[in-house]
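S.K.: What follows is the residue order along each chain.
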Amino acid sequence: MRLRTPLALLGAALLVLAGPPLLSTGSGAETGTQIPGLRFMVPNTPGGGYDITARTAAKNAEDAGLTHNIEVFNLPGAGGTVGLSRLVGEHGNGKLAMSMGLGVVGAARSNDSPKTLADTTPIARLTEEPDVVVVAKDSPYKNIKQLITAWKKNPGKLPVGGGSSPGGPDHLAPMLMARAAGIAPKKVNYVPFDGGGELLASILGKKVAFGVSGVGEYLDQIKSGELRLLATTGPKRAKGLDGPTLKESGYDVDFTNWRGVVAPPGLSDAERKKLTGLVTKLHDSPQWRESLKTNGWDDAFLTGDKFGDFLAEQDKSVVSVLKELGL
Amino acid sequence: MNAFNSLMDGFGTALTPVNLLWAAVGVLLGTAIGVLPGIGPAMAVALLLPVTYGLEPTGAFIMFAGIYYGAMFGGSTTSILLNTPGESAAVVAAMEGNPMAKSGRGAQALAAAAIGHFAGGIIGTILLVALAPTVADLAVDLGAPDYFAIMVLAFIAVTSVLGSSRVRGLASLLIGLTLGLVGLDQMTGQQRLTFGSLQLADGIDVVIVAVGLFAIGEALWVAAHLRRTSGEAIPVGRPWLGKADVKRTWKSWLRGPFIGFPFGAIPAGGAEIPTFLSYVTEKRLSKHKDEWGKGAIEGVAGPESASSASAAGTLVSMLTLGLPTTAVAAVMLAAFQQYGIQPGPLLFEREPDLVWGLIASLFVGMVLLLALNLPLAPVWAKLLRIPRPYLYAGILFFAAVGAYAVGGEALDLVILLIIGLIGFGMRRYGLPVLPAVIGVILGPNAEQQLRRALQISDGSVSGLVDTPFSITVYAVIALIVLWPLLRKLLVRGRRSDADVKA
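As given, the protein sequences belong to chains Y and A, one line each in that order.
For the first sequence, the positions run 225 to 551 when the numbering used here is used.
For the second sequence, the positions run 29 to 530 when the numbering used here is used.
Because the hints were derived from the structure by calculation, they are not lab data.
Check the hints yourself; a few may be wrong.
Far from chain Y by the CB rule (all over 12 Å, computed), these chain A residues [to be verified]:
#1 G270
#2 L439
#3 L513
FRET-style restraints, in silico, Cβ to Cβ [said to hold, decoys possible]:
#4 A:G368 / Y:F534: 40 to 46 Å
#5 Y:H315 / A:L198: 48 to 54 Å
#6 Y:K430 / A:T187: 31 to 37 Å
Beta carbons: idealized from backbone N, C-alpha and C, even for Gly.
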């Protein structure tokens with residue numbers, strides 16, 4: 225009796241830890257995309273954005289019969305910088321990929337990481353999502369012009385809340401907005417929150433003058449009228465939402481948060497093509513289409529060198545903002 | 029009345045055989061996860077997410093809720109028996125529960141904890157049904173200054189559990205606060221005490237600190253003394269709660285939820301602070317003050333009841349506002365989004381079957397958990413019959429697995445051992461361990477709220493006391509601090525009155 229209980233517990237724990245990989249067996253159709261033993265690193269904790277993207281992508285790739293048994297694992301730390309260092313250290317490993325996004329670009333810079341995304345092999349950008357500028361329904365600011373006029377007058381008195389730490393997407397968006405409106409980013413009173421959820425309470429309770437976070441976080445609150453949408457930060461209006469872009473309102477901001485996949489440096493051409501091919505096939509699969517819809521992600525597929533150029537350009541813009549802030 | 033009817037419909041959903049099965053799977057897994065240090069409910073739910081893709085959302089969420097409540101139940105088991113908390117919310121259970129277990133009253137402590145969880149969960153869920161919209165509004169009205177006031181209150185409360193020696197208690201608290209400083213400054217991204225290591229940039233996880241100080245420290249301590257004391261097992265006493273025990277604890281079981289529930293609903297709450305506050309409240313109100321620190325059963329019953337009720341409070345904010353107040357809620361929120369369901373103001377109208385089925389399943393899950401844990405209490409208590417060398421070897425093993433599971437970093441094991449050595453040193457010099465753990469939990473939280481409050485007020489100190497709520501809390505704090513002084517003055521006043529009359 226006394227041995228059985230701990231054993232049962234150990235069994236239960238193993239079931240929890242080993243269950244997901246064991247249960248997800250692919251259909252096994254040979255399509256030339258098989259990469260046996262492929263591992264997909266998530267540089268964030270389970271349940272975060274990169275984690276959901278990675279696990280969804282792995283599941284869809286298996287369901288579409290593209291490859292079996294992709295092992296998704298988490299290596300969180302320093303906003304993704306720990307995972308990035310590990311990935312760069314796996315020189316020439318063609319069986320590893322990492323889920324990442326704009327947040328990792330910022331974290332690598334603000335942590336002064338010796339390894340940056342320029343050291344990785346870019347595979348593809350998968351999805352994107354604009355940020356939204358929102359206020360509580362009873363806020364005095366009815367439109368973006370009113371808000372920015374007041375903001376310009378006294379940046380310190382109008383705290384802006386965002387769902388990421390300095391260097392992250394929700395920090396960059398208001399900084400770019402400030403710059404376009406002629407406010408020195410250093411003057412911006414940015415209050416970081418642990419994700420859009422924690423931020424929500426402070427916007428609703430008018431603890432911050434306005435909030436900036438991903439559109440997916442607040443879709444429902446905007447539709448129910450709890451939050452007033454003042455503007456979106458992307459080049460186009462957000463689907464299903466009635467709010468102008470910053471650009472049409474006269475502020476030159478083009479900001480979207482995005483997520484993608486990178487691989488270790490030093491891959492052979494064949495290895496790189498194989499990974500890119502797998503991601504391309506995944507992108508074309510009906511399973512992925514369905515996932516985009518259910519998660520409300522915008523398709524932003526971009527592969528290879530074009531994605532590499534995009535990464536370099538994003539890095540530059542992050543560095544310029546951080547430099548202005550003196551970080 | 030409307031809520032009641034919907035709840036009845038919810039029971040219709042929850043009591044179908046399939047959903048009942050998911051609830052059972054959830055509570056079993058949750059209990060197991062709670063028992064293992066390091067693997068928390070948040071991680072368990074996140075890892076199970078991909079497996080549940082194929083499930084119908086109602087079934088999946090019933091299972092997740094079972095895991096959440098189950099982990100609350102399980103977390104206190106190892107706290108009580110082995111002085112090794114499985115979750116940070118179960119730290120307080122070790123305070124009185126472990127001395128009880130050592131004196132052969134382990135089964136009673138476990139039963140008090142299990143019934144406490146049951147009472148807390150049931151009352152918390154009733155409050156959830158009755159008060160969801162009101163509590164959700166309150167949660168939004170509170171801001172950083174209010175949270176900081178609550179943290180100050182918690183710190184003041186903590187100083188009263190500092191043990192026999194205030195100086196040692198404060199020293200322990202400072203060790204905890206220092207450990208809590210490690211990592212990136214949340215407001216500016218500045219690195220503190222990381223020694224340039226990226227692995228330290230996210231700070232040291234509370235679980236590692238708690239497991240290191242409690243489990244490793246305890247194991248080293250026992251090992252160091254094994255030769256001198258007999259290696260015999262701890263006696264296991266009577267298996268059930270006696271009448272006297274129930275008489276002492278029923279009020280604690282009922283008080284806990286009213287402390288735990290509101291804290292679960294507010295964004296900076298969580299389950300830890302209400303357990304501390306409940307412990308302090310029970311200690312103040314107890315008629316058996318001499319037993320505290322040596323195994324007072326109220327000290328197990330109250331906090332455990334508060335921790336389960338806070339889980340119900342967490343669900344209020346998540347379901348009605350889409351506001352995650354704990355890590356588990358954040359993961360569950362992500363799960364909702366995967367099913368294309370957005371928790372928030374419209375959820376109750378859009379998905380009534382899911383929501384009310386979920387709430388009804390909480391009641392069902394609570395009954396299942398009680399039925400599972402109460403008979404298990406004497407069985408668990410028999411664990412202590414394992415001879416100590418084997419028992420503590422097992423604890424070391426599970427502690428290491430748990431610490432590794434937190435982040436999958438080998439460095440965490442090194443940190444765990446270092447903290448274990450600190451824990452050993454603290455025992456050697458009579459420093460209580462709990463204040464250090466509380467420092468790690470409260471320190472970063474309080475700092476963040478203070479700085480956020482000051483930033484929102486643009487640096488003006490008056491921003492800390494500009495809400496009615498924060499002023500009320502500070503008034504309560506002032507009263508607590510000044511009470512001994514006031515009482516003395518009052519007594520003296522009365523005495524001089526009497527002198528005059530005489």
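S.K.: If a hint holds in the structure, say so; if it doesn't, say that too.
M.R.: Comparing the hints with the structure gives:
no.	hint	result
1	G270	holds (24 Å)
2	L439	violated (10 Å)
3	L513	holds (35 Å)
4	A:G368 / Y:F534: 40 to 46 Å	violated (29 Å)
5	Y:H315 / A:L198: 48 to 54 Å	holds (50 Å)
6	Y:K430 / A:T187: 31 to 37 Å	holds (34 Å)
Hint compliance for this structure: hints 2, 4 are not met, and every other hint is.
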